[in-house]
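Peer 1: Quick mapping for you: the protein sequence lines, in order, are chains A and B. Mapping of the first sequence onto our numbering: position 102 corresponds to residue 102, and the numbering continues sequentially without gaps. Count along the second sequence starting at 1, add 227, and that's the number in our numbering.
The hints are simulated quantities; they were obtained by calculation from the structure and are not laboratory data. On a predicted model such as this, the values are computed, not experimentally measured, just so you know. Careful: at least some of the hints might be erroneous.
Mimicking EDC-like on lysine to aspartate or glutamate, the simulated pairs with C-alpha atoms at most 20 Å apart in a straight line are [what the hints assert, rightly or not]:
{"id": "1", "chain 1": "B", "residue 1": "321", "chain 2": "A", "residue 2": "135"}
{"id": "2", "chain 1": "B", "residue 1": "329", "chain 2": "A", "residue 2": "135"}
{"id": "3", "chain 1": "B", "residue 1": "508", "chain 2": "B", "residue 2": "498"}
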Amino acid sequence: MIPLTSTDYDAMRLSLQVAFAATLLSLPFGFAVAYLITFVRFRGKMVLEVFVNLPLTLPPVVVGYFLLLLLGKHGWLGSLLNDAGIRLIFTLKAAVIASAVVGFPLLVRSLRVCMEGIDRQLVNASRTLGAPWYDTLLTVILPLSTPGLLAGSSLMFARSLGEFGATIIVAGNIPGVTQTIPLAIYEYASSPASETMALALCLVSVVISMAVLFMHELMARKMARRD
Amino acid sequence: MQLSMNVKKSFGDFTLSTDIEFSGNRIGIFGKSGSGKSTLVSMLAGLVAPDDGEIVMDGECLFSSARRINTNPEQRRIAMVFQQHCLFPHLSVKNNLLYGFKRCPAKYRTIDFDALVAVLKLEELLGRGVTNLSGGEKQRVALGRAILANPRLLLMDEPLSALDDSLRFQIIPYLKSVSSEFGIPYLFISHSIVEMRLMTDTVLAFEKGAMLGQTTSEQLARNCMGSSQVGYINLLNLGLPSPVAGLYSYPWGAAQLLISSGSERTGSTAELSSKDIILFKQHPEAISARNLFPCTVCSLFNSGRKIGVELDCSGNTLIAEVVQDAVNELGIVPKSTIFAAIKASAFRLLPG
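Modelling step: build the complete structure from the supplied sequences, incorporating the hints.
Peer 2: And the structure:
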């Protein structure tokens, strides 16, 4: 049996907390962006697509640095929040924001794939049956996007569990406050005496990630069956 | 229902440009694929905005580019039955049926749910999901859903084209009930002349994005006879058959028809192509065709390179097609008597 310390349990709790919060926070925005890209024709759609997918290709450290510039005490948004008495940098909220930004493209991608599979005539049928666009969105598009929503959420959750680069920049590595599993492993790995502890947390990370990915596969199969 | 559409719409090389005005309750829009039929009804339903023009229905302007009016689809009260059933897969049959009904303002709700379910014979299906229904059942549910939205006009965009022949003719009586039972005017879109004749009174014919003309479904069938591979299809209403020497004898008005296939159902309808009727000047001495009728020539009409001959066979009407040489040789003129021979195997009984 590999020993786990109370700091490790804190890291596990914080990781799950951050992943849950980031996923929940992103769901409405992810759904709205996927809907816009899939169903609405507007100028600048490609710019929006590139912007949404940017965190997929940028190094997470770069994303973290941009967030630091934005949310820091002297940042554009950070200074406004600071005036309102809200501090984000080096708090758990910053870790949630970092995870949400990095995982957001995965959520949007899953939702888009699912929404693109919805027959447009179903949307047209709904409109000619008296449903305004928002009614069609809630009663036709949302229910038919559920598999994509679940699959995207599980992917994003898994990505959030592994988030490191952006988090360490904006939230730091404070045990019991912002230290998630990857940050704790990083700290253990920096010290030659803590190899076993690092390995123990790695195993915990593998188990959680596998459980989440199994769920993701189940969702993906459900989507495939629907097609 | 009165409708006027003066609209233009371009998609790449294709341009639909039409200025039409019509009234009636059973209107057909006829044309080949790519003639602009579906674009026209999509503009009417509000699903596609015209580039330019005006759409006015029963005095209400639904679209006007000049006045910047474009009524939303949900406010037009124009329901649609699509080529594919387009049922919501996440809802039960009952909830599909009620989708439009729930969204219809109470003052317009005149159609009773139970009455509609009875007319369309949907009682057994209400609790089921829609994914495992047969093609015909799905289209009946789609029709019921559109009717229950209490529209002031129903658009049927080739609702039979996804169905096989047997289902197609089973569904037609239900489609016709839209007007006869529920009093809703409809626009029926199809490229099938037979469907046009069964479903509509007035037909607007379209080709390459422009309207060719407005006519009756019967006249349309006669006009297309000469260019059609199957000719003019005579639709014969038959009584109950009785077996006769390996064939079936069907009452057809005052006459009897011998047909090689039989149906136990009452009120059968049979198709007979104008190409399958052979005309004789005099009664032949002997002939293998099992049906031979003395007929009176009512009229002749031109259709392409063919001549259509309208015949009165014991009070029933038949259209035969011949070439001009045959008309001259047989001396076919109105009010002359002529003999029509038809093989027993030339008839095609319509399912349903």
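Peer 1: Does each hint fit the structure? Answer for all of them.
Peer 2: Hints, verified against the model:
1. B:321 / A:135: Roughly 19 Å separates the two Cα atoms, so the pair holds.
2. B:329 / A:135: holds (12 Å)
3. B:508 / B:498: violated (25 Å)
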